[in-house]
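Peer 1: As they're listed, the protein sequences go chains A and B.
Residue numbers for the first sequence follow numbering that gives the first Met the number 0, beginning at 0 and rising by one.
Residue numbers for the second sequence follow numbering that gives the first Met the number 0, beginning at 0 and rising by one.
Incorrect hints may have been included.
[What the hints assert, rightly or not] Computed footprint of chain A on chain B; a stretch qualifies when at least three of its residues, placed anywhere within it, have a C-beta under 8 Å from a C-beta of chain A:
id, segment
1, 34-45
2, 98-111
3, 220-231
4, 397-407
[Claimed, not checked] Here are the simulated DSS-like cross-link-like pairs (lysine-lysine), alpha carbons at most 25 Å apart as the crow flies:
id, chain 1, residue 1, chain 2, residue 2
5, B, Lys396, B, Lys368
6, B, Lys341, A, Lys193
7, A, Lys193, B, Lys277
Source of the hints: derived by calculation from the structure; they are not laboratory data.
Every residue, glycine too, gets a C-beta built ideally from N, C-alpha and C.
Given next are the chains, with one letter for each unit.
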Amino acid sequence: MGFFKKLAEGIKKTKDTIAKKLFYAFSARELDDEFYESLEEALLAGDVGVTASESVVEELKERAFREKIKSPENAKSVLKEILIEDIEYEVEEYDYPLVILLSGVNGVGKTTAIGKLAHMFREQGKSVVIAAADTFRAAASEQLEVWGERAGVRVIRHNEGADPAAVVYDAVSSAKARGTDVVLVDTAGRLHNKKNLMEELKKICRVVDRELPNADFRKYLVLDATTGQNGVAQAEIFSEAIDLDGIVLTKLDGTAKGGVVIAISVELELPVLYVGVGEKLDDLIPFDAKDFVEALI
Amino acid sequence: MSVFESLSDRMNHIFSKLRNKGKLTELEIKQAMREIRVALLEADVNFGVVKDFVAAVSEKALGEDILKSLTPAQQIVKIVNDELVALMGSKHQKLAVSDRPPTVYMMCGLQGAGKTTMCGKLALYLRKQGKKVLLVAADVYRPAAIQQLGIVGKKVNTEVFEMGQISPVKIAKEGIAYALKNGFDTVIIDTAGRLHIDEALMKELVDVKAAVSPAEILLVVDSMTGQDAVTVADTFNKTLDVTGVIMTKLDGDTRGGAALSIKAVTGKPIKFSGTGEKPEDLEPFHPDRMASRILGMGDVLTLIEKAEQAFSKEQAENLQKKLKERSFTLEDYLEQLDSVKKMGGIGDMMKMLPGMAGKVKAEDIDEDKLMRAKVIIQSMTPKERRNPDIIKGSRRKRIAQGSGTSIQEVNQLLKQFEMTRDMMARMQKGGMKGLRGMRGMKGLF
Chain A
0 MGFFKKLAEG
10 IKKTKDTIAK
20 KLFYAFSARE
30 LDDEFYESLE
40 EALLAGDVGV
50 TASESVVEEL
60 KERAFREKIK
70 SPENAKSVLK
80 EILIEDIEYE
90 VEEYDYPLVI
100 LLSGVNGVGK
110 TTAIGKLAHM
120 FREQGKSVVI
130 AAADTFRAAA
140 SEQLEVWGER
150 AGVRVIRHNE
160 GADPAAVVYD
170 AVSSAKARGT
180 DVVLVDTAGR
190 LHNKKNLMEE
200 LKKICRVVDR
210 ELPNADFRKY
220 LVLDATTGQN
230 GVAQAEIFSE
240 AIDLDGIVLT
250 KLDGTAKGGV
260 VIAISVELEL
270 PVLYVGVGEK
280 LDDLIPFDAK
290 DFVEALI
Chain B
0 MSVFESLSDR
10 MNHIFSKLRN
20 KGKLTELEIK
30 QAMREIRVAL
40 LEADVNFGVV
50 KDFVAAVSEK
60 ALGEDILKSL
70 TPAQQIVKIV
80 NDELVALMGS
90 KHQKLAVSDR
100 PPTVYMMCGL
110 QGAGKTTMCG
120 KLALYLRKQG
130 KKVLLVAADV
140 YRPAAIQQLG
150 IVGKKVNTEV
160 FEMGQISPVK
170 IAKEGIAYAL
180 KNGFDTVIID
190 TAGRLHIDEA
200 LMKELVDVKA
210 AVSPAEILLV
220 VDSMTGQDAV
230 TVADTFNKTL
240 DVTGVIMTKL
250 DGDTRGGAAL
260 SIKAVTGKPI
270 KFSGTGEKPE
280 DLEPFHPDRM
290 ASRILGMGDV
300 LTLIEKAEQA
310 FSKEQAENLQ
320 KKLKERSFTL
330 EDYLEQLDSV
340 KKMGGIGDMM
350 KMLPGMAGKV
360 KAEDIDEDKL
370 MRAKVIIQSM
380 TPKERRNPDI
390 IKGSRRKRIA
400 QGSGTSIQEV
410 NQLLKQFEMT
420 RDMMARMQKG
430 GMKGLRGMRG
440 MKGLF
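Working from the sequences, and respecting the hints, build out all of it.
Peer 2: So this is what it looks like as structure tokens:
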């Protein structure tokens, strides 16, 4: 099943979504204040946030004026264009050896996303090793081992409470020795306002930079699609610490549609790379801006 | 507990602008209402709830008496406070206890909300109240979830009942039979995270509920959840008729808007909040106190309760005596530093003081300094600790070397110690008034 279909199904499951509110907004007769107000409300209800919602609505107003658009139906396609423009990025293709590090706050689905990424690279015929650098949460490594087994991938782990940077060092060394294509690094969930934990994350990155200086090193933030405006703060602070390359949006199979990524895009210019749409191994798919907006509206 | 910190910053800002104006025009009040709306929306309060809230406040704030009043800002703060309390409910609601043991608490929620961690916290909390608690592992779906609960249980010294990955209904039933046989009076059932729209899995929860008739069904909600929080809470509530809500991860810089919306939408009270990664980081939720924190008015009651937990009665009496006799030493100070840590650190404490919320920023406070202070004191001889006056040049140098710090830092600590001693003596005399002297402490950390 394609991205769009999966998303659209998710939306259908719910009764009170942004899509329904937007539908209501666009059923207006003309583009009056009331229309723009209900449009803004729909965006707010979709976690797009005050700043981004206002900027989107302002741009729509301006273009409607400039291009003499009168009907809500035409305004709808302009809105889609605006949103797609906001969240579409050119992303550089991967080089190998490749290191992907997943960071994020607690409970967003980092470990699950690692398992799915491992599966994805295996399907592409790449060799993969996973570094179980979440040595904090109880049974995190065991959870990762189950995923590793499902994907047929080696998992490098230490005991609970071990130094995460040491786990990463071992995984990277092993990848170097065996010529492994992809190293996936799972990290412990951390709230972005905890200074020490952010330092630990920097240390992990330094280990990778030092041991595999020629590798293509991508650092992603895993974001729960139900997250609200706090997601913007998460992206900002993780970016400050480890200079993020993008976002993996998880749990997009609920009722929330991940509107916060529009806010993050508008405010921080971070692309979404992958979305998680279910609990099975192949339920992580590359992000497509057009499909995402189609499914949203 | 930076809970609501940024929301409270925003509110403070809005109100201080109003205060500077004296009499208010209708336009100014309307402007303030718009700003309150944005502040709440950015805190992820549900937009429908925001709409009603702002409408209710506006109606009262635009009344005749406020426009004519000489202290309109004060009155508006009061209106907002009253409406916030109305939104969240007023008093803390305790957990229900069954007439016939065991009392069963069933946890439920989305994936990643923090149910398993919360099970451990709740077990510890109840054990401290003298309950004999059994944890039941009924999350049979997430890989290693049962192991995780096992480890969590070990950390809080609580037995975990598990039967591997069989039907959760059966596990729950057997768990309760086991509790009855072995004299447990309280059972906490951990269930798998699930989407509220997953009908099959929601049905499973209904079956578990029917099988065990829990005293409480507690919905665990991540405080970082956005607008969807109310949909989730509403669906869980409609399916299971939950009895209460627990907010997790309130120690992030989340503005916790979900906490404001959920009660309003479901009518179910928030009973606890999780505020950190340690098992003891669980707080009973007091809506009235939370409202006053949001408005930057502090939360002295919670501060006092935390102090009571961190100090034993003897410790407190001992301290009082020492302060009276002016025999408070660095050894006592070390004990104090440990207690401050137990209470969640200086930053958390400061924020609960009236008028401090907007003024203390997380980055101003260096909690590491507490650790360094500890190390410095530990590098002193017992004689020096009891008699700090003898610590002169060469001793300072030795202490600095021994603790891996600098002489400046040792000096600073000694100065800090003196100030603390004076301040505590003042608190002894002046009660709450003396507490305000603590504002001077901000510069020290």
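Peer 1: Hints first: check each against the structure and report whether it holds.
Peer 2: Okay, the hints, checked on the actual structure:
1. 34-45: As far as the segment 34-45 of chain B goes, the hint holds, because 5 residues have Cβ atoms under 8 Å from chain A.
2. 98-111: holds (count 3)
3. 220-231: holds (count 9)
4. 397-407: The restraint on the segment 397-407 of chain B is violated, since only 0 of its residues have a Cβ under 8 Å from chain A and three are required.
5. B:Lys396 x B:Lys368: 19 Å, holds
6. B:Lys341 x A:Lys193: Holds: lysine 341 of chain B and lysine 193 of chain A sit about 17 Å apart, inside 25 Å.
7. A:Lys193 x B:Lys277: 14 Å, holds
Taken one by one, the earlier hints fail for this structure only at number 4.
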